[in-house]
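> Now for the letters of each chain:
Protein chains: 4
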Amino acid sequence: MIIVMQKGATPAQISAVVARVEGMGRQVHLSRGEERTIIGVVGDDRTFDRDQFERMDGVEHTVPILKPYKLASREFHPSDSVVDVGGVSIGGQAVVVMAGPCAVESREQLMETAWAAKEAGALILRGGAFKPRTSPYSFQGMGEQGLQLLAEARAETGLLVVTEVMSPSQVSLVATYADILQIGARNMQNYALLHAVGESHKPVLLKRGMMSTMEEWLMSAEYVLSHGNNRVMLCERGIRTFETYTRNTFDINAIAMLKQLTHLPVIADPSHGTGLWELVGPVARGAVAAGADGLILEIHPRPEEAVSDGRQSLKPKRFAELMSEVRLIAEAVGALPGDRRAA
Amino acid sequence: MIIVMQKGATPAQISAVVARVEGMGRQVHLSRGEERTIIGVVGDDRTFDRDQFERMDGVEHTVPILKPYKLASREFHPSDSVVDVGGVSIGGQAVVVMAGPCAVESREQLMETAWAAKEAGALILRGGAFKPRTSPYSFQGMGEQGLQLLAEARAETGLLVVTEVMSPSQVSLVATYADILQIGARNMQNYALLHAVGESHKPVLLKRGMMSTMEEWLMSAEYVLSHGNNRVMLCERGIRTFETYTRNTFDINAIAMLKQLTHLPVIADPSHGTGLWELVGPVARGAVAAGADGLILEIHPRPEEAVSDGRQSLKPKRFAELMSEVRLIAEAVGALPGDRRAA
Amino acid sequence: MIIVMQKGATPAQISAVVARVEGMGRQVHLSRGEERTIIGVVGDDRTFDRDQFERMDGVEHTVPILKPYKLASREFHPSDSVVDVGGVSIGGQAVVVMAGPCAVESREQLMETAWAAKEAGALILRGGAFKPRTSPYSFQGMGEQGLQLLAEARAETGLLVVTEVMSPSQVSLVATYADILQIGARNMQNYALLHAVGESHKPVLLKRGMMSTMEEWLMSAEYVLSHGNNRVMLCERGIRTFETYTRNTFDINAIAMLKQLTHLPVIADPSHGTGLWELVGPVARGAVAAGADGLILEIHPRPEEAVSDGRQSLKPKRFAELMSEVRLIAEAVGALPGDRRAA
Amino acid sequence: MIIVMQKGATPAQISAVVARVEGMGRQVHLSRGEERTIIGVVGDDRTFDRDQFERMDGVEHTVPILKPYKLASREFHPSDSVVDVGGVSIGGQAVVVMAGPCAVESREQLMETAWAAKEAGALILRGGAFKPRTSPYSFQGMGEQGLQLLAEARAETGLLVVTEVMSPSQVSLVATYADILQIGARNMQNYALLHAVGESHKPVLLKRGMMSTMEEWLMSAEYVLSHGNNRVMLCERGIRTFETYTRNTFDINAIAMLKQLTHLPVIADPSHGTGLWELVGPVARGAVAAGADGLILEIHPRPEEAVSDGRQSLKPKRFAELMSEVRLIAEAVGALPGDRRAA
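Residue numbers (the working numbering), protein chains in the order written: chain A, 1136 to 1478; chain B, 1136 to 1478; chain C, 1136 to 1478; chain D, 1136 to 1478.
I should point out that these hints are in silico values taken from the structure, not numbers from a laboratory. A couple of the hints might just be wrong.
Copies of the same chain are indistinguishable here, so a pair counts whether it falls within one copy or spans any two.
Said to hold, decoys possible - Restricting the straight-line Cα-Cα distance to at most 27 Å, the calculated cross-link-like pairs of lysine-lysine (DSS-like) are: (1) Lys1205 <-> Lys1142; (2) Lys1142 <-> Lys1450; (3) Lys1142 <-> Lys1452.
Just chain A, same shape as in the assembly:
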């Protein structure tokens, strides 16, 4: 941390800041400039509350030097983390595709969708049993019955299952049925929930909050990691901006940036990232070209009958075409000198 003093800071004010830093067992580097005195604090500043110093007399502001996350950082773990989920490797050479309906609606709908996902090459089935809905009057999901149907679909098709968990008390129930616990965008900073999945033994797919910075997102990953669960995957699903033609703005920069900042696998969700099925294909291709480790896609046999997110769901035929396109892009990226995620 660096502490920048105000222009007219007095020697007594400077001494008080120095004394406080030293009183916390830290060393100080003092630099007197022409306009400002700058106090550098040596060592890890993750445990410091910068606010305390900003409120001292004569202090103008403080500047952090280190990123606030540690376990999630690439500095801490330089090589890529490969997450194993029931034999499927996520974060390795292959681009892994998760697909399925927004919500589990019925056995028929789920089985039809699961087989379509399977046949086109997806390895993991997505589908919501507990649905976070903006309106209390909207369909809230089938609950445990939906989880049972997902387990049935797994038994039938051999696909693994990813599904959302919405509260700490649901974690053990959902973990009974699912292979991957999904934390939704609205719960990215639900710390009680992060704590609970951190103590479970299931891999976690952590979606980015719709208005969360990459730093906050990695801090939420740090919650899960620091509670003992190191199988964390990040899922970019678009952020909220001023643009209204699309539901969200898919942040392709984040795909590339996270590869610099963290060792955790990065999954792209172009369905929520765009909100429009016509854009899902191009953005899915773009995400893979930029280095995403996987995709999560909404598909539905009859989107015009879907209880939710039909506007952004692909039909099975278009999904199968997209899988071919993604394969071509993945091969092109794999053919690059170095590995497919080379910058």
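Starting from the known structure of chain A, fit chains B, C and D onto it as the hints suggest.
Chains B, C and D in isolation, oriented as in the chain A frame:
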């Protein structure tokens, strides 16, 4: 709801949409324009999933006509709701002030702050026992011990207590000690939690998510209201924008707009809304001038020692001055023809 | 400026950075921490291109210490600047109100509006002769004929005139008729235009870009100031956010923050800041309570016939009421210990 | 346009709205619902000012049905526009690359960069002679001398030249030297400038404003088109969001969405879109995979000496590698069934 057909939509596509609407027991108004056919759906569209129609062949897009919230709307309840909390009326003629530290840190800190709040004219004591922190390495609050200290402070000073609840399983515990349950910004769309406080019998202070539109915020209020709890207050605490000089952007428009849209009381939080103690005074005065029903403010006897949010906390002396200023503004607003919230 | 080296930076990389700084005639303070070496550069960093250092081997990032604007800063000019416009003082004790139609439409419309503005207590008449419109098919203003009508209205009513100038070649023409040159939000970073008004002798009302930070805004003011024109006023007119219920989000924080950062007067435009006439009153009151030096408001005798911005224009009767409200708030703020802009 | 009346709108209010619409020579479709009366206006609403109706008594709000741009729309011109620039086709089958330094700094720097661009396969040389800089104290470009150097580089290398024009009075000068006139992000709504380039006979590269919606961007294109110049290319260069790790957020959704909305070619600028050279490669690949017609990239022989944008500039070696990667992706996309821009 209005359904706008594409330019080249065929008669068969139009008929299919009309048939579907009528199949749901609704009437249709058909309008054939020069460039587009438009299908109006008669009646309440809150229970409709517009996505289903947007995915039908020949449909360009749909437009909602009604706002999606009902119980929270001023149409449903034209007069202002006045929330009674232990004899204090919020949403009536008087501007109610809640003040206290960001976090309960110790008995001494809390009592000193509580007395300062009381003496300057606050009626309600704020203070966090469970703290949502971006970092897992930061102080997470004193937990139940913090709640006990808040109850002690109430017993000593006569102030009422507002404090945050972070998960459904904490609701009954927090409700034992607190007079108002606060839902924090990060949990505004934690639906399990909204459900739980909706079933409690305590008033709820619902903070706006930093990434939430007014519509989403009112929908979250609707969750609480629709589960049976009608003592809901909204708290504007700033939204996230591109501006970096301030922690958040306090949305004063929302204070005025909510008075049009809803009957619920609106509280302003300029501490989080600005993030800088120097701006808290001006923005607090502005919020009251614009019609806020109350203020919630962070104060601390020694902000430079606060474990969190010291940068935005007022010292008792400045808080007392601000209370005088707020009184002058409230009187000026009260002296307007009509009531103090007249547009 | 502070240069933060990467974790594994070599001594040679560090030496290269130091040599470069010293080669530019600057001194260096070196601080070797446990994880990072930090290089402090002594002196004014406004003329430095930090990018050059960020691209050197071994450099992680750089941090500016000083704000990049100088003439606009309160450090440079500690007391408030009071701008004199034809005998009217802006930035002094009185809150100055500018009012008028969005666009000059006809002699009748302008005269009727000007008299309404005058009678309610406005001192300055606003009205666009050259209109920046999103669509090439919308009314683009009356041009020079509109300027002549504004001058006529000034002659008749004694009001001063503020009107927008849209390109460098228009500056001398507009300056012939207007008392204040307005730079619109879309042109806040039109540097050729800022240069041109910087060389004129007329006061400038510089609107904030809808997408601009306070820092960028002050840098645009710096353009005008550095070209020799020191009569600059800043106008907060709302910023673009994700919120859709209002046209813009009026940034009341900016009113208070600018009073810390700069000596220039700050005017509030709640008409554009909200986009809805119902919200103009509350937000105008709030801006004055927060310390604004003036208001600029859109009024129209028959908003339902206005060629533009009718939705946010006040009728003369409501405008007159608002003037009374503003007077009450201004008095309340003036009655505070210290001056009306005391934090 | 659709006009939604308030819940309690009276028959007289409804009649007044209908009379007004009919008075403008338009037909009306009236739809009386349970809660609201809805008035549909038949025909093109691009020339309507919706504000006028929103301000009439009893009107709640209005809803546009048609997009406000026409010449830029794919409806108006269903097939892709291919822009010819001196024999190079932009918007056709090949992905066209423009590359060069942020600013022209010297003959040596420009020639060295131009040859590196040429050898790696770029067809067009970029380089700023007039630079829009946030600070009045930063290097503002070499001016006409820079334009002469660009023309020299064209003569030597055979590359075409794209460079920025910043004011209407510069258009004829810049058009003397350049093959493509670039409108920068800050000037996207500088209507005097759009008007001027619309009347020139040079192709225009229109950058998206950093906080402009796609609709506003297409409206700015409409300005150029409607003044007679139909060689317009759109350039996505990232938008401003709350994220701070990257300079801008590259909007890959826009690449895909514009292919639906407009026939104009779309160029991607991942240099400004990310602000970090490490991210330029992945995002460039992503943009091409999503269907971009071209790339514009900043390169510099010694980025650590660049007077501007060094942080986001590629060195020639990395640029050459990226060109190979882009070729692989372009081939993969070209190999898709249908053309390379198939959704």
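> Are the hints correct? Go through all of them and say.
Now the hints, each set against the structure:
1. Taking the shortest Cα distances, Lys1205 and Lys1142 sit within 27 Å of each other only across copies (14 Å), while inside one copy they are farther apart (34 Å).
2. In this assembly of identical chains, Lys1142 and Lys1450 lie within 27 Å of each other by CA distance solely across copies; the values are 23 Å between and 63 Å within a copy.
3. Only between protomers do Lys1142 and Lys1452 lie at most 27 Å apart by alpha-carbon distance; the minimum there is 25 Å, versus 66 Å within a single protomer.
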